[in-house]
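Q: Each chain is listed here by its residues.
2 protein chains.
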Amino acid sequence: MKKKKSSKIKYIAYVASSIDGRISKGSLISPDWTSNEDWNFFQKSLAKMNAVVVGHNTYKVSKNHLKWRNSIVLSSKANHEKRASAVIFVNPQKTDLKKFIERKKYKKVAILGGGQVYDFCLRNKMLDELFLTIEPYVFTTGVPMFSGALFQKYKFSLQSIKRLNTKGTILLRYKNES
Amino acid sequence: MKKKKSSKIKYIAYVASSIDGRISKGSLISPDWTSNEDWNFFQKSLAKMNAVVVGHNTYKVSKNHLKWRNSIVLSSKANHEKRASAVIFVNPQKTDLKKFIERKKYKKVAILGGGQVYDFCLRNKMLDELFLTIEPYVFTTGVPMFSGALFQKYKFSLQSIKRLNTKGTILLRYKNES
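Protein chains in written order, with my numbering: chain A, 1 to 178; chain B, 1 to 178.
Worth flagging that the hints you see were computed from the coordinates, not collected in a lab. Warning: the hint list may mix true and false statements.
[What the hints assert, rightly or not] Derived lysine to any residue pairs resembling SDA-like cross-links, with alpha carbons at most 25 Å apart: (1) B:155 - A:155; (2) B:153 - A:163; (3) A:10 - A:33; (4) A:167 - B:85; (5) A:48 - A:69; (6) A:125 - B:167; (7) A:155 - B:173; (8) B:48 - B:177; (9) B:10 - B:65; (10) A:162 - B:63; (11) A:125 - A:66; (12) B:155 - B:178; (13) B:63 - B:94; (14) A:175 - B:171; (15) B:155 - B:167; (16) A:153 - B:104; (17) A:60 - A:82; (18) A:162 - B:177.
[As the list claims (entries may be wrong)] Counterexamples of contact, computed for chain A against chain B with all Cβ distances above 12 Å: (19) 25; (20) 49; (21) 66; (22) 82; (23) 83.
[Claimed, not checked] Here's a subset of chain B near chain A, in silico, CB distances under 10 Å, partners left out: (24) 17; (25) 37; (26) 40; (27) 42; (28) 43; (29) 45; (30) 118; (31) 134; (32) 154; (33) 169.
All C-beta atoms, glycine included, are put in the ideal place defined by N, C-alpha and C.
Kindly generate the complete structure, drawing on both the sequences and the hints.
A: Have a look at this one:
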């Protein structure tokens with residue numbers, strides 16, 4: 001059987017976490033502990049993207065930054081596809097997200113979390129690269145980077161390491177090899 | 001009031017985790033995904049330590065490696081202090097662990113996990129340095145690095161970054177600044 005040629009869309013996840021892999025205190029709380037250097041990197045990166053994918057909670061707490069972007073908000077409550085300005089609400093149980101993005105002709109899509117969305121995209125082969133900023137804190141609890149149900153060993157390869165500032169924020173770039 | 005001079009004992013935590021901050025699949029499963037390079041670094045480091053502190057589950061899965069070391073096994077089931085060869089079982093609810101280690105005259109103590117022990121030591125100012133090896137995998141679930149109950153912002157500073165091999169295992173060294 002001929003294998004369908006893989007789509008050329010590039011899915012790039014951006015994550016900011018603590019040393020212990022936590023991305024926020026709670027799913028409706030916007031992180032106030034990320035560095036200016038990470039913010040600058042993040043904004044510069046987003047400028048090159050055609051669209052972003054976020055979960056409903058992440059959208060709620062970052063609405064002001066996202067409402068002018070092509071934003072795809074994943075929500076199990078969205079009844080199909082519901083549009084508000086540049087923002088569209090999609091229920092991935094009812095809409096094939098990959099095909100939806102293909103139809104939109106987006107080429108570079110940023111995956112911005114939270115943990116359920118990172119997990120969904122990784123499981124569905126919509127996570128080609130991962131930019132991980134590690135801020136120099138330990139939180140001991142909070143929302144984990146990926147909220148998976150099944151333990152799996154997704155293999156990545158490290159592309160680069162960069163120190164973003166003197167206090168010890170680092171930026172790791174990984175390629176998904178799984 | 002005069003502040004008690006802080007003890008000179010150095011507590012150093014060693015952690016191996018996935019990119020997403022998971023230290024194992026389950027608390028009774030020994031990680032089979034850590035690199036040889038991390039193992040070599042870890043063994044070399046342990047050789048310089050006077051004692052190790054581990055949780056009961058971690059001890060169970062790494063008994064063969066620990067039984068000849070001065071091992072302090074934290075266990076809420078230990079009725080007080082129970083000795084077996086170089087290994088001693090301590091219930092930190094009944095024994096003041098810090099004082100116990102002082103009495104032993106240990107100067108360098110390795111904290112080896114799991115997540116509850118890392119959290120206990122961090123909360124009780126028994127975690128001065130943190131060596132974190134990040135292996136290039138994402139697991140999406142599993143045991144988190146720290147199993148805390150309360151979200152806190154423990155500040156660390158990055159001392160060094162080292163690539164341990166070509167596949168992308170990195171070793172981060174942090175100092176606790178909190």
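Q: It remains to establish, for every hint, whether it holds in the given structure.
A: Evaluated hints:
1. B:155 - A:155: violated, 30 Å
2. B:153 - A:163: holds, 21 Å
3. A:10 - A:33: violated, 29 Å
4. A:167 - B:85: Status violated; Cα separation ~43 Å.
5. A:48 - A:69: holds, 11 Å
6. A:125 - B:167: Judged against 25 Å, a Cα distance of about 21 Å means the pair holds.
7. A:155 - B:173: holds, 23 Å
8. B:48 - B:177: Judged against 25 Å, a Cα distance of about 23 Å means the pair holds.
9. B:10 - B:65: Satisfied, since the Cα-Cα distance of roughly 22 Å is no more than 25 Å.
10. A:162 - B:63: violated, 38 Å
11. A:125 - A:66: holds, 24 Å
12. B:155 - B:178: Roughly 5 Å separates the two Cα atoms, so the pair holds.
13. B:63 - B:94: holds, 24 Å
14. A:175 - B:171: holds, 18 Å
15. B:155 - B:167: violated, 29 Å
16. A:153 - B:104: violated, 41 Å
17. A:60 - A:82: With a Cα-Cα distance of about 16 Å, the restraint between residue 60 of chain A and residue 82 of chain A holds, given a limit of 25 Å.
18. A:162 - B:177: Holds: residue 162 of chain A and residue 177 of chain B sit about 22 Å apart, inside 25 Å.
19. 25: violated, 5 Å
20. 49: The claim stands: residue 49 of chain A keeps its Cβ more than 12 Å from every Cβ of chain B (closest is about 21 Å).
21. 66: Label holds. Min Cβ-Cβ 24 Å, cutoff 12 Å.
22. 82: holds, 28 Å
23. 83: About 31 Å separates residue 83 of chain A from the closest Cβ of chain B, which puts it past 12 Å; holds.
24. 17: Interface hint status for residue 17 of chain B: holds (7 Å vs cutoff 10 Å).
25. 37: violated, 13 Å
26. 40: Residue 40 of chain B check fails; min Cβ-Cβ to chain A is 19 Å, beyond 10 Å.
27. 42: Status violated, d = 18 Å.
28. 43: violated, 23 Å
29. 45: Violated - the Cβ of residue 45 of chain B stays beyond 10 Å from chain A, reaching only about 18 Å at its closest.
30. 118: Since chain A brings a Cβ to about 8 Å from residue 118 of chain B, closer than 10 Å, the hint holds.
31. 134: holds, 8 Å
32. 154: holds, 4 Å
33. 169: holds, 8 Å
When held up to the earlier numbered hints, the structure conflicts with 1, 3, 4, 10, 15, 16, 19, 25, 26, 27, 28, 29 and fits the remainder.
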